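Sequence lines, in order, name chains A and B.
The first sequence begins at 0 in numbering that gives the first Met the number 0 and counts up by one.
The second sequence begins at 0 in numbering that gives the first Met the number 0 and counts up by one.
Please note: incorrect hints may appear among the correct ones.
[As the list claims (entries may be wrong)] Think about it this way: if two alpha-carbon atoms lie no more than 25 Å apart in a straight line, the pair counts; the simulated BS3-like pairs of lysine-lysine are:
hint: 1; chain 1: A; residue 1: K132; chain 2: A; residue 2: K19
hint: 2; chain 1: A; residue 1: K181; chain 2: A; residue 2: K56
hint: 3; chain 1: B; residue 1: K35; chain 2: A; residue 2: K172
hint: 4; chain 1: B; residue 1: K26; chain 2: A; residue 2: K177
hint: 5; chain 1: A; residue 1: K177; chain 2: A; residue 2: K18
hint: 6; chain 1: A; residue 1: K56; chain 2: A; residue 2: K97
hint: 7; chain 1: A; residue 1: K172; chain 2: B; residue 2: K26
hint: 8; chain 1: A; residue 1: K56; chain 2: A; residue 2: K99
hint: 9; chain 1: A; residue 1: K132; chain 2: A; residue 2: K145
hint: 10; chain 1: A; residue 1: K116; chain 2: A; residue 2: K97
hint: 11; chain 1: A; residue 1: K181; chain 2: B; residue 2: K26
hint: 12; chain 1: A; residue 1: K53; chain 2: A; residue 2: K97
The set of hints was computed from the structure by calculation and includes no laboratory data.
Quick caveat, the model's predicted, so the values are computed rather than measured.
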Amino acid sequence: MAKRKKPRTEVFLNIPYDKKFERLFIAYVAGVSAFGLVPRATLEIPDSSRRLNKILKLIGDCEYSIHDLSRVELDRKKPCTPRFNMPFELGLTVAQQKHKKKESWYVFESTGYRMEKSLSDLNGTDAKIHEGKVAGVFAELCQTFKRRGRQPTVQQMARIYREVRRNQAAILKESGAKSPYKARAFRDICVVASAWADRVVE
Amino acid sequence: MSVILDSQFATAEDTAAALGVSDSRFKRLMRLAGPKAIARRVLAAAGYKTGTNGKFKLKTASRKKQTRGKTKKAAH
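I would like the entire structure built from these sequences, with the hints used as guidance.
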């Protein structure tokens, strides 16, 4: 019997859920799907008292994880607080992966050398700088992942991104959501991105 | 340093299975992202209107029939 390939690989997306980040959020989903990977996020987890356990399980289930620290900043709503979710989940991932003796987490940032200032414990880790641009996310994902056979180009990722954005309004309307940061909308966007990736990436 | 992926390329079915999307919803999403939907969108952008039985009608052809003669007078 021929040796079967490893089953699908899942990628944990640790990203901020805000309106300004929407384009980059879709870019991550499109980019990750273009590599034939399945995006996963804490969006899938319903709010409950056991949320942290579920986050840990989700991180553990994923082979790779992407942590975007570009919006770890003070919000405008009073009281002004920095956003700790992304660094916290990065910490959980690092601890979990150290335990499993592997290092497959990647930090993305919009500004160079900011991570060294905000999170100096990670000095020695090269953050991937996307400059807050969709094309930057694609370029950095291309630097991070390589696939034998079906290697997506930045143009193919951009095509998937455009198609997902075109379908976004219909998806949100059908799921009754106002933003893509809802569990059902996220799942639908991932499936559409994956369908396009399968079609576009040769 | 890049990671070399040797896993199976996840298709839409794989993604739907991993995320727990139901079969009916999956079919709906495939229709949404399918070639027919794209053709409809492209034609709509070009000013065409889809008619019944998959035939395409010009936008001008779908205008309401103009009222004439007695009907028009009665309408006024």
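Here is how each hint holds up against the structure:
1. K132/A x K19/A: 12 Å, holds
2. K181/A x K56/A: Holds, because 20 Å separates the two Cα atoms, which is no more than 25 Å.
3. K35/B x K172/A: 19 Å, holds
4. K26/B x K177/A: Roughly 23 Å separates the two Cα atoms, so the pair holds.
5. K177/A x K18/A: 10 Å, holds
6. K56/A x K97/A: 15 Å, holds
7. K172/A x K26/B: 17 Å, holds
8. K56/A x K99/A: Holds, at about 14 Å.
9. K132/A x K145/A: 21 Å, holds
10. K116/A x K97/A: With a Cα-Cα distance of about 23 Å, the restraint between K116/A and K97/A holds, given a limit of 25 Å.
11. K181/A x K26/B: Satisfied, since the Cα-Cα distance of roughly 20 Å is no more than 25 Å.
12. K53/A x K97/A: 19 Å, holds
Going through the hint list in order, the structure satisfies each hint without exception.
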